[in-house]
Each structure stands twice: as C-alpha cells, then as structure tokens.
Amino acid sequence: MTAAETKAPDPVFHAPWHAQVFALTVHLNEAGHFAWPDWAARFGATLARHGLERELDGGDDYFAAWLETLEEILDTAGVAAPGDVAEVKQAWERAYLGTPHGAPVRLPD
Amino acid sequence: MPHDHSDHDHDHPHALLPPEPALRVKALETILTAKGLVDPAALDAIIDTYESKIGPRNGAHVVARAWSDPGFRTALLQDATAVVAELGYYGRQGEHMVAVENTPDTHNMVVCTLCSCYPWPLLGIPPGWYKSDAYRARAVREPRAVLADFGVVLPADTAVRVWDSTAEVRYLVIPQRPSGTDGMDEAALMDLVTRDSMIGTGLARTP
Numbered sequence: 001m002t003a004a005e006t007k008a009p010d011p012v013f014h015a016p017w018h019a020q021v022f023a024l025t026v027h028l029n030e031a032g033h034f035a036w037p038d039w040a041a042r043f044g045a046t047l048a049r050h051g052l053e054r055e056l057d058g059g060d061d062y063f064a065a066w067l068e069t070l071e072e073i074l075d076t077a078g079v080a081a082p083g084d085v086a087e088v089k090q091a092w093e094r095a096y097l098g099t100p101h102g103a104p105v106r107l108p109d
Numbered sequence: 001m002p003h004d005h006s007d008h009d010h011d012h013p014h015a016l017l018p019p020e021p022a023l024r025v026k027a028l029e030t031i032l033t034a035k036g037l038v039d040p041a042a043l044d045a046i047i048d049t050y051e052s053k054i055g056p057r058n059g060a061h062v063v064a065r066a067w068s069d070p071g072f073r074t075a076l077l078q079d080a081t082a083v084v085a086e087l088g089y090y091g092r093q094g095e096h097m098v099a100v101e102n103t104p105d106t107h108n109m110v111v112c113t114l115c116s117c118y119p120w121p122l123l124g125i126p127p128g129w130y131k132s133d134a135y136r137a138r139a140v141r142e143p144r145a146v147l148a149d150f151g152v153v154l155p156a157d158t159a160v161r162v163w164d165s166t167a168e169v170r171y172l173v174i175p176q177r178p179s180g181t182d183g184m185d186e187a188a189l190m191d192l193v194t195r196d197s198m199i200g201t202g203l204a205r206t207p
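Residue numbers (this note's numbering), protein chains in the order written: chain A, 1 to 109; chain B, 1 to 207.
Note that these hints are calculated values from the structure, not bench results.
It cannot be assumed that every hint is accurate.
Stated by the list, open to error - Label-pair distances were calculated between CB atoms; the ranges are:
id	chain 1	residue 1	chain 2	residue 2	range
1	B	Leu87	A	Asp38	24 to 32 Å
2	A	Val79	B	Thr158	46 to 54 Å
3	A	Glu93	B	Gly94	56 to 64 Å
4	B	Ala41	A	Asp38	40 to 48 Å
Even for Gly, the Cβ is constructed at its ideal location relative to N, Cα and C.
Please construct the entire structure, taking both the sequences and the accompanying hints into account.
Pasting the structure below:
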C-alpha cells in the first residue's frame, strides 16, 4: 500500500482485459440482467474465497475474481455455459496464433 | 494494436497471444454479442467514460463547491444523491451517495470490506490499494495505523470514523478546508482536493 499522491494520475485500468470485463459487467447490469447488490454479494464471496488462499493485492487478482464471478453468474443464468466459453476461448487462441503479427485478429465466420 | 502488452518485444511471426483471462473475457463478449445481449459499441463507451470522463475531478468539484457555498454544503450533507445529481453526477448502479464531513473533532475514512464499493460517479475507478485485502481488513481494525502509512497523523483527540460502503450506499469524504485559502475561487480550491482526501486516507493540499 502506498500513498501515491503524484501529479501523474494512475491509469484507470492496468490491463485491457480489466477494462473489458468491467464494461461487460456494467453493461449487463444496466441492461437489467442482474441487480448490482446481487453482483456485489457474489463478487464479495469470490474475493473472500480467493483471499483464504493468499492475500489479494487488488490488481490482477482482483479482476480474476471479478471474471470468475461474472462467469458463474452467466453460467447460472443459462447464458454462457463453461463448455461454450472454453470452446470460444480456444477459437480465439487459434485465431491469435494463426494471424500474422500486425494484422487484425478475427474469429473465422 | 492487435495485441495486448507483453514482456516480449522481439519479432513475432503471429499476433501476440493475450493473457489467459483476457481470452476468457473475449469468449464471453463473443457469446453475449452473438446472443444480442451485448453491444460492443456500448462496451467501448463505458470504457471511454471511466477512462477519460469520470474521475476524482468530479468529486473535487463537489468538495470545492461545498467549501465555497454554505447552502450547498448543508444540502449535500442532507441528501448527497440529489445534490450531486443536479451537478450531473449519477450513480449508474442506482446507489445512494452520502457525504461525510471531516472536522477538527472527527476524521472520516471509507472502505468496502465486502468488495470494493466506491462512489464511481465522483471518484472514478478505485485505486489498487483500495481493492487490496490489506486495506479492506486493516482500515476497520487499525485505521490510525493505515492513516500513518499514508502519511496522515491526526491529533490524538480527533476521533476516526470508518464508513463501510455497500452496493447501496457509497461515501464521499469532505476533507477539511485548508487554512490560507480564504478568497480562493472554486477552480483554485478544486486543485487542493486529492482523490485520497475524499476517501479519507489523505488531507487536502495546502496552497
């Protein structure tokens, strides 16, 4: 913990995926897919569970817990089953590995 | 750029593979977009809002106004949600905002022991330390030690009050107005109001 009071502002999100998973969650909440207090309760439970194993520093580990919570909510809601997520994730992985450096990465249609 | 940051900077024959959680997020986004539940443009708009439009300047505006305008200050302490909404700052998750004022007798500081509830419309996204287990646990247990870590040492007779945020209620600390600021206008006062002073882990700057 540091008392950073420098002039240069901290970046809001330290990795692009932190911003993406944050935006996904806010968007789904605003579209009415879940209430924010329910989100906070589930997220708090995930953080507590992760915090038993090691002390969380509020960085990557924080958004890892965030992502896990969102995956659970979407699985429970029947929107995105873990098997489907794994499959699409692998498709993205193949797309990255099969795309020349510098070209935009897209999923095959 | 087609790839995320990486420690590698040598030439790659293919696009850099993003970290594993980034691929999981992309998978969710792909599935939700295909089902029509998510609009990628809306996601970009949310990110842009939080990266460039919402931040501690909003809170500093509220604090500087409270320092300058006694009527505003009274209204803010009575019903912060309504008052900040008039300035255009809304809680998008429907939360209530409560302003707590530091005085020579009482210093307020804010934590979220559950997760990381925070007055986004006024302060933006919380800093990493606010989300850490260390702060979340210690702010309640030993607030004076935490304040000392931040370089804040209060008089022994100043009480420290810790407010635990929830999904429904978010707190904004109104720091004490520094001495030597008589006659300063709202814009000049805003520059004295730091993010940490509005969480209660800092004091306002002195001019």
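Between B:Leu87 and A:Asp38, is the Cβ distance one that fits in 24 to 32 Å? Given about 29 Å between the Cβ atoms, the range holds.
Consistency of beta-carbon spacing, A:Asp38 to B:Ala41, with hint 40 to 48 Å: 26 Å, violated
Does 56 to 64 Å hold as the CB distance between A:Glu93 and B:Gly94, or does it fail? 38 Å, violated
Go ahead and decide if the range 46 to 54 Å is satisfied by the Cβ distance of A:Val79 to B:Thr158. 50 Å, holds
Checked against the numbered hints given earlier, this structure breaks hints 3, 4; the rest are met.
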